[in-house]
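These protein sequence lines map, in sequence, to chains V and A.
All the letters of the first sequence, read from the start, carry residue numbers 1 to 296 under this note's numbering.
All the letters of the second sequence, read from the start, carry residue numbers 297 to 576 under this note's numbering.
Read the hints as simulated data drawn from the structure, not as lab findings.
Virtual Cβ for every residue (Gly too), placed ideally from N, Cα, C.
Possibly wrong hints are sitting among the right ones.
To be verified - Cβ pair distances, simulated, as ranges:
(1) 486(A) <-> 86(V): 18 to 26 Å
(2) 495(A) <-> 189(V): 55 to 63 Å
(3) 16(V) <-> 562(A): 49 to 57 Å
(4) 315(A) <-> 102(V): 22 to 30 Å
(5) 299(A) <-> 193(V): 23 to 31 Å
(6) 70(V) <-> 562(A): 27 to 35 Å
(7) 338(A) <-> 128(V): 44 to 52 Å
(8) 189(V) <-> 305(A): 21 to 29 Å
(9) 569(A) <-> 2(V): 54 to 62 Å
(10) 424(A) <-> 124(V): 56 to 64 Å
(11) 172(V) <-> 308(A): 56 to 64 Å
(12) 562(A) <-> 176(V): 51 to 59 Å
(13) 70(V) <-> 311(A): 36 to 44 Å
(14) 13(V) <-> 305(A): 20 to 28 Å
Stated by the list, open to error - Cut-off 25 Å, straight-line C-alpha distance, at most; resulting in silico cross-link-like pairs (SDA-like, lysine to any residue):
(15) 73(V) <-> 383(A)
(16) 172(V) <-> 80(V)
(17) 73(V) <-> 300(A)
(18) 125(V) <-> 300(A)
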Amino acid sequence: MSVLQIHNLSKSFGKIKALDNVSFDVPRGSVFGLLGPNGSGKTTLLSIILDILGPDAGSFSWFGEPSTMVQRKRIGSLLETPNFYHYLSAVQNLRITQSISQRGNDDAIEQVLQTVKLYERRNSKFSTYSLGMKQRLAIAASLLGSPEVLLLDEPTNGLDPVGIAEIRELIKSLAEAGHTIIMASHLLDEVEKICDHVAILKYGKLIASGTVASVLADEDCYLVNAVDQERLIELLNQLPGVSRLAATNEGVECFIKDQSLNAEIINKHCFEHHLVLTHLTAKKKRLEEKFFELTN
Amino acid sequence: MATFQNIIKTEWLKLKNYLSFWLLLLATAVSYPGINAIVYFGYDESTKPKNQSGQLLKMLLGNPFHFPEVYHTTAYLSSFFTFIPAIVVIMLITNEYQFRTHRQNIIDGWQKNTFIWGKFISVVLVAVLVTLFFFFVATAIGFIATTDLTKVEMFTKGKYIGLFFLQIFTQLSFAFLLGLLVRKAFIAYGLFIFYGMIVESMAGAFFKFKIQKFGGVDYGQFLPLEISDRLIPVPPFIGRLNEADYKSALAAVDKHIAYSIVFVVLTWLLSFYIFKKRDL
C-alpha cells in the first residue's frame, strides 16, 4: 500500500516551471529518495505535499486520503532550513513542536535530543547553535513522538562527516523499525547508500522512478569504434542483447541488457560484415556518470 | 482545527520566555503612569497657588483628575502611546516571518487559520494588558487627586475603560495587519509611525479643509487610526475651548464604536485571507 500518492503535480513561479506533471507513489515502509540537482524542484514538491505551497494542477493523497491537518501530524518533517524560535532553547522549541503536532511528551523530547546528540546543549538558546547543531535539532523535531512517516529534505546538510554517518545510520535503523522515510537529496551517493526507492527530478520533470536497484543499477557497456561510425552503429543495432547505443567522441557506447553479448561476439559480427574495429573495450557505466547523464 | 486551549498554550510557549516581549510590555507599563503623572503634577502645581491666577486656572480647567473624570482624561492622554504596544504586536508577527516559524507551525500540523487565530488571541491579550495598565494608573491618580471621595461616583465615566480597550485593540489590529503585509519588523514599524504621525495627520487636515468639496462629509473620520481615535474625544477641560466641536465629538462616539468594530472585523478577515492565500 502507498503512504503517499502524487498525481500530475505542476507548479510554476512566474515563467519558471518548478514542477511539471510529476506523478509517483511512495510505498509503505520504504526509504524513498527524491534525487535531483539543485533547483530541480525537490523542495517545491515537498512543500506542496506539506501544504506550504498550493499546486497549480494535480493532486496528492496521504495514507490514501486527501491531505488534512490530522494526517500531517503523522508526518515528521524537516523542510529546507531548520526553523526555530531563536530566543528559545532546544527543549523550549521542541515543546512548541510537541504542542502543535501533538506528537510525543517531555520524555520524548529528552529522548530525541539524546538521539541527535544535542542533550548536553538542550538548554542553550537556538541562536547560539552552529549550523550542524541547528540541523540536528530539526531532525530531533521531526523524530518527536516517533511519527509513521519521516520527510527529510537534505537531512545531512551542514553536518560534519561523523554527523553525516550518524544520521545515515539513524535513518537506516528507523527504516528497519518500520518507518516510511522520504528523503530529498542532491547526493547520489547518499541515496544509493540509504534508499531502496528513488525518483529522479530534473528541471521539475520526473525522469525516472522505481527501486534503486532498477533505476540506478550499474550498466555493462562496451566502447567500440571504427572508421565508419555510421556503419558501425548500423551493425551494432543488428545484435540481439543491445539495449541502447550512444555516440561519443571516443566511439560508440554499446549498452547491453544480457550477459550473452560479449566483446568476442561484437568483434566477430563486425568483422564478418567487413568492418574492422579500431577500438573495443569493456567498461562499467558508473552510477555518477549515469546520474550526470540523466540530469544533464 | 486545533482547540482553543491548544492555541493558547502554544502561543504562551512562544511568549513565556521571550525577554524582549516582556521588556516592551514593561516599557508600556511604565510609560502610562509616566505621561499621566507628568500632566497631573503639572496641573497640580499650576492650580495650587491660592493667588488669583491659580484659582482662575482651576476654574477654567475644572478637576480633570478627579473621579470620575480621571478615566476620560487618562484614557485620552494614554492613547498617545499606542506606538509602544504596537512594537510588541508587530514583533509578534514579523518574528515568525524572520524565523520562518510561520511555515514550521503549518508543517508541524496547524492549519493556516489556526496560526492567525493564535495571533488574534495574542493581540487581544496585549490589548487587555495595556487596558489594565491604563485602568490601574487612572484609578491610582483618581485616588490621589480626588479630595473628597464620599462625594463622587467613581465609575460614572467607566465607559472610557471599554472605549480605551476598543481603541487600543483597533489600532493594534491595524499594526498587526501592517506587520503581516510587510513581514519585516523595521519597515512595518517605520510605516506605522510614518503613517500615524505624518500621513494620517496630513490626510485628516486635507479632508477637514476640503470638506465642502466632499459634500460636507468629513472623510477624515474613516482613516484607519482616526476611526478609533475619535472613540475618546478630548477631555472637557480642553473641549471647553471649543464647545461646539466638543459636543459634536461626544455625539459621534457611538458612531465610532460601530465603525471601529467594523474596522476590526475587516482587519482580521483580511489577515486570515492574506495568510491563507499567500505561499509560505
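Do the hints match the structure? See the list:
Judged by the Cβ atoms, the range 18 to 26 Å given for residue 486(A) and residue 86(V) holds: they are separated by roughly 22 Å. Between residue 495(A) and residue 189(V), the C-beta spacing of about 58 Å keeps the proposed range 55 to 63 Å intact. At roughly 35 Å, the beta carbons of residue 16(V) and residue 562(A) sit outside the given window of 49 to 57 Å. Restraint check, residue 315(A) to residue 102(V): a C-beta distance of roughly 28 Å satisfies the suggested window 22 to 30 Å.
Between residue 299(A) and residue 193(V) the beta carbons are some 43 Å apart, a value that contradicts the proposed interval 23 to 31 Å. At roughly 31 Å, the beta-carbon separation of residue 70(V) and residue 562(A) lies within the given 27 to 35 Å, and the hint holds. Checking the proposed 44 to 52 Å range against residue 338(A) and residue 128(V) shows it holds: the Cβ atoms sit about 48 Å from each other. Residue 189(V) and residue 305(A) have their C-beta atoms about 43 Å apart, which leaves the hinted 21 to 29 Å range violated.
Checked against the hint of 54 to 62 Å, the pair residue 569(A) and residue 2(V) fails, with Cβ atoms roughly 34 Å apart. Between residue 424(A) and residue 124(V) the beta carbons are some 33 Å apart, a value that contradicts the proposed interval 56 to 64 Å. The supplied range of 56 to 64 Å is broken by residue 172(V) and residue 308(A), whose beta-carbon atoms lie about 38 Å from each other. Between residue 562(A) and residue 176(V), the C-beta spacing of about 55 Å keeps the proposed range 51 to 59 Å intact.
Residue 70(V) and residue 311(A) have their C-beta atoms about 27 Å apart, which leaves the hinted 36 to 44 Å range violated. Here the CB-CB span from residue 13(V) to residue 305(A) is close to 36 Å, at odds with the stated 20 to 28 Å. Only pairs whose Cα atoms come within 25 Å are accepted, and residue 73(V) paired with residue 383(A) is rejected, the gap being roughly 33 Å. At most 25 Å may separate the alpha-carbon atoms for a hinted pair to count; residue 172(V) and residue 80(V) meet this at roughly 21 Å.
For a cut-off of 25 Å, the pair hint linking residue 73(V) to residue 300(A) stands: about 18 Å separates their Cα positions. The hinted pair formed by residue 125(V) and residue 300(A) fails the criterion: a straight-line CA distance of about 28 Å is larger than 25 Å.
Violated hints, in rising order: 3, 5, 8, 9, 10, 11, 13, 14, 15 and 18; the structure is consistent with all others.
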